Amino acid sequence: MFKKILIANRGEIAVRIMRTCQEMGIATVAVYSEADRHALHTLSADEAMPIGPAEPSQSYLNMDRIIEAVKQTGAEAVHPGYGFLAENADFAERCEREGIVFIGPPARVIRELGDKITARRIMHKGGVPIIPGMLEAADDPAAWAAGAEQTGFPLLIKASAGGGGKGMRIVQRPADLTAACRAASREAAAAFGRGTIYLEKFLPKSRHVEIQIVADSRGHIIHLLERECSIQRRHQKIIEETPSTALTPALRAAMGQAAVAAARTAGYVNAGTVEFILDPEGRFYFLEVNTRLQVEHPITEMITGLDLVRRQIEIAAGRPLSLTQEEVRGRGHAIECRIYAEDPERNFMPSPGRIAFLREPAGPGVRNDCGVYTGFEVPVEYDPILSKLVVHAETRDLAIRRMTRALKSYAVLGVRTPIDFLLDVLASAPFQAGETHTDFIATHLAEWVPDREALELAALAHAADAMAPKARPAGRIAAEAHPGPWHTLKHWRL
Amino acid sequence: MDVRLRHNEKIIAFSVEPAGDGRFSATFGDRRVDVAFERISEHQLRLSVDGCQTLAFVAETPEGKAVMVDGRTFLLADERAAGTRSRPGAANGPKAVTPPMPAVVTQILVATGQAVEKGQGLLVVSAMKMDTILTAPFAGVVTRINVAEGQKVAPGQVLVDLDPPAADPPAADRAAEPAADAASIDQGGR
Chain F
0 MFKKILIANR
10 GEIAVRIMRT
20 CQEMGIATVA
30 VYSEADRHAL
40 HTLSADEAMP
50 IGPAEPSQSY
60 LNMDRIIEAV
70 KQTGAEAVHP
80 GYGFLAENAD
90 FAERCEREGI
100 VFIGPPARVI
110 RELGDKITAR
120 RIMHKGGVPI
130 IPGMLEAADD
140 PAAWAAGAEQ
150 TGFPLLIKAS
160 AGGGGKGMRI
170 VQRPADLTAA
180 CRAASREAAA
190 AFGRGTIYLE
200 KFLPKSRHVE
210 IQIVADSRGH
220 IIHLLERECS
230 IQRRHQKIIE
240 ETPSTALTPA
250 LRAAMGQAAV
260 AAARTAGYVN
270 AGTVEFILDP
280 EGRFYFLEVN
290 TRLQVEHPIT
300 EMITGLDLVR
310 RQIEIAAGRP
320 LSLTQEEVRG
330 RGHAIECRIY
340 AEDPERNFMP
350 SPGRIAFLRE
360 PAGPGVRNDC
370 GVYTGFEVPV
380 EYDPILSKLV
390 VHAETRDLAI
400 RRMTRALKSY
410 AVLGVRTPID
420 FLLDVLASAP
430 FQAGETHTDF
440 IATHLAEWVP
450 DREALELAAL
460 AHAADAMAPK
470 ARPAGRIAAE
480 AHPGPWHTLK
490 HWRL
Chain U
0 MDVRLRHNEK
10 IIAFSVEPAG
20 DGRFSATFGD
30 RRVDVAFERI
40 SEHQLRLSVD
50 GCQTLAFVAE
60 TPEGKAVMVD
70 GRTFLLADER
80 AAGTRSRPGA
90 ANGPKAVTPP
100 MPAVVTQILV
110 ATGQAVEKGQ
120 GLLVVSAMKM
130 DTILTAPFAG
140 VVTRINVAEG
150 QKVAPGQVLV
160 DLDPPAADPP
170 AADRAAEPAA
180 DAASIDQGGR
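Protein sequence lines correspond, in order, to chains F and U.
Note that numbering that gives the first Met the number 0 gives residue 91 to position 92 of the first sequence, counting from 1, and the numbers run on in steps of one.
Note that numbering that gives the first Met the number 0 gives residue 32 to position 33 of the second sequence, counting from 1, and the numbers run on in steps of one.
The hints are simulated quantities; they were obtained by calculation from the structure and are not laboratory data.
All of these numbers come straight from a predicted model, not from anything done at the bench.
No residue lacks a Cβ here, since even glycine has one placed at the ideal position from N, Cα and C.
A few of these clues could be false.
[As the list claims (entries may be wrong)] Quick list of simulated restraints, FRET-style, between CB atoms:
1. F:Gly218 <-> U:Gln150: 29 to 37 Å
2. U:Asp1 <-> F:Val448: 47 to 55 Å
3. U:Asp1 <-> F:Thr394: 49 to 57 Å
[Said to hold, decoys possible] According to the in silico footprint, chain F covers these stretches of chain U (three or more CB under 8 Å from chain F):
4. 2-12
5. 15-27
6. 59-69
7. 95-107
8. 124-130
9. 140-147
10. 154-163
Sequences and hints are given; from them, build the entire structure.
In structure tokens form, the structure reads like this:
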């Protein structure tokens, strides 16, 4: 097993990875930018290496600096977390070349699956159902028109290098095709340096259901059930749960088998996620493979009782996956809420700033993967995720109640968070009924305004805060009011 | 003692009558509530409102006092101190080109002396992986660019000075709101 691992990431995910390393007796190295000198992940590691300015391209995305930090500290492996270099095939390749173990799939697999159209072709060949549409990317109007003819409307334009909704567009009518394709292609070129796009059938009223897979280097592949991730804003997930209310045992087994087939076809090693779109008739289609640890991996850990990071590290170290498909059992229900620094009242606009006060929820079945603390200045340069609040309970109904209680006891003051919004999603009738589709927020909460029932109580608290004498630091009071034994026992020694 | 607090656009007005020994009564219109309070720590208070106990968490922020009660967080600004603590951006008038949140300038789209149309993109700021285009609140001429690419900026800070054409003063209809729906470019997606 490795003696030392460098975590090439920041925030909550770096902290979470370090926790498993500590439990495994592996020393940890944090890397940090100038903005993160006092970040929780920097403070949580056994060693911390500065890697440059706040700007991500000069620090967390700077391969030279990270490789240098690995060599300087003598770490044997790198865990990339999610985001930053996690799905960068060049980085994985560089690690391979330099004799550093990259905790993730081989560079070739990252490269092939990172190109969406290549991934589609691989899956199609492997017998995994894909969304009807083009199998070749194109950049000329004639090919788009032919593709549209074959796909039918409404359709979805996607960038072959895509990610995060960039270059994505829904087209309802043939008349809008060329203009929309041109705009999407421009956007893709600006974002990814490559303007090739392809067309897929657009599936309205669908769900986003993904399957966690784990594969060792000897070809043993299993799946760890599904995650339902349909509640999204701006194509970004905000609530995830498992099991999905839409899966029957038969459908779950079929999707699990498809995910394992996808992993096998791609030559996958380590933990990964196969994303599917599920239509109202229960037909599922391959969407993409995320070749890394997923943000929402904790809900899988909650219901399976497995530590995914530990499995990742063991597989990267060449150990066999000592777990069979039959041994994987989901128990109860888990929900995750992402706590971002953003303002749900202003279209989820980012809200960086200083955390003036933080009080984390606790209690049975509550886990908060948090990357910040009271007094921390949340930088403007990075992803706005502060923490992921996860609950586990016996049933979905109990999990919703548990999450509601946990959210209500979660105080994050100083930056805006969507906690109020999340509470209203959980309380809504369609969510409680399990009617979670990708259009959920647009359909049910487009006109959302915060609940003001407690406003008067808040005003009373404001008045009380102004009237109550400010507390002095506890140590000082003690010293002034009651001289301690260190003051009164002159020459006495222990 | 009359208290006037503001939550977004809503004013909460009530009067407070101290009753000594950690107690006061508050009157909202013709309704009176009795409150007992005690500070537990710098950011934590115990309140008892008409005998019902609740915990409140409080912290001063640049936008007012953040108060969390009953699982909900409110930003409350003291109206009596409104002159010194108004909402960021408002101080410079609704016509100023200022970022809606702390951000980094990633791109400047115009040059000094350039004539711009209302709604034209002036610069791009980025915060937490989301790009926002700040647009001209009215047609005019760019007289000065106050920032450079890569610079950190804050709400209230005027990034670009804009002069309206002399013959056509700006109609005071709309604030310089960044068009979050239309102009934001999301880079997220995980």
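In terms of beta carbon proximity below 8 Å, does the region 95-107 of chain U have 3 or more residues touching chain F?
Three-residue rule met by the region 95-107 of chain U, so holds; n is 5.
Are there three or more residues in the region 140-147 of chain U whose C-beta lies closer than 8 Å to some C-beta of chain F?
Result for this restraint: violated, n = 0.
Cut-off 8 Å, C-beta pairs, minimum 3 residues; does the coverage of the region 15-27 of chain U by chain F stand?
Three-residue rule met by the region 15-27 of chain U, so holds; n is 6.
Three residues or more, CB to CB closer than 8 Å: is that satisfied between the region 59-69 of chain U and chain F?
Held - the region 59-69 of chain U has 9 residues with a Cβ nearer than 8 Å to chain F, which meets the minimum of three.
Satisfaction of the hinted span 49 to 57 Å by the C-beta atoms belonging to aspartate 1 (chain U) and threonine 394 (chain F)
holds (50 Å)
Indicate whether the distance between the beta carbons of glycine 218 (chain F) and glutamine 150 (chain U) respects the range 29 to 37 Å.
violated (52 Å)
Taking the beta carbons of aspartate 1 (chain U) and valine 448 (chain F), is their distance inside 47 to 55 Å?
violated (27 Å)
Quick check: do three or more residues in the region 124-130 of chain U have a beta carbon closer than 8 Å to a beta carbon of chain F?
With 5 residues closer than 8 Å to chain F, the region 124-130 of chain U meets the three-residue bar; holds.
Count the residues of the region 154-163 of chain U with a beta-carbon closer than 8 Å to any beta-carbon of chain F: does the count reach three?
violated (count 0)
Check of the region 2-12 of chain U against chain F for coverage (Cβ-Cβ below 8 Å, three residues minimum)
holds (count 6)
When each numbered hint is compared with the structure, violations occur for hints 1, 2, 9, 10.
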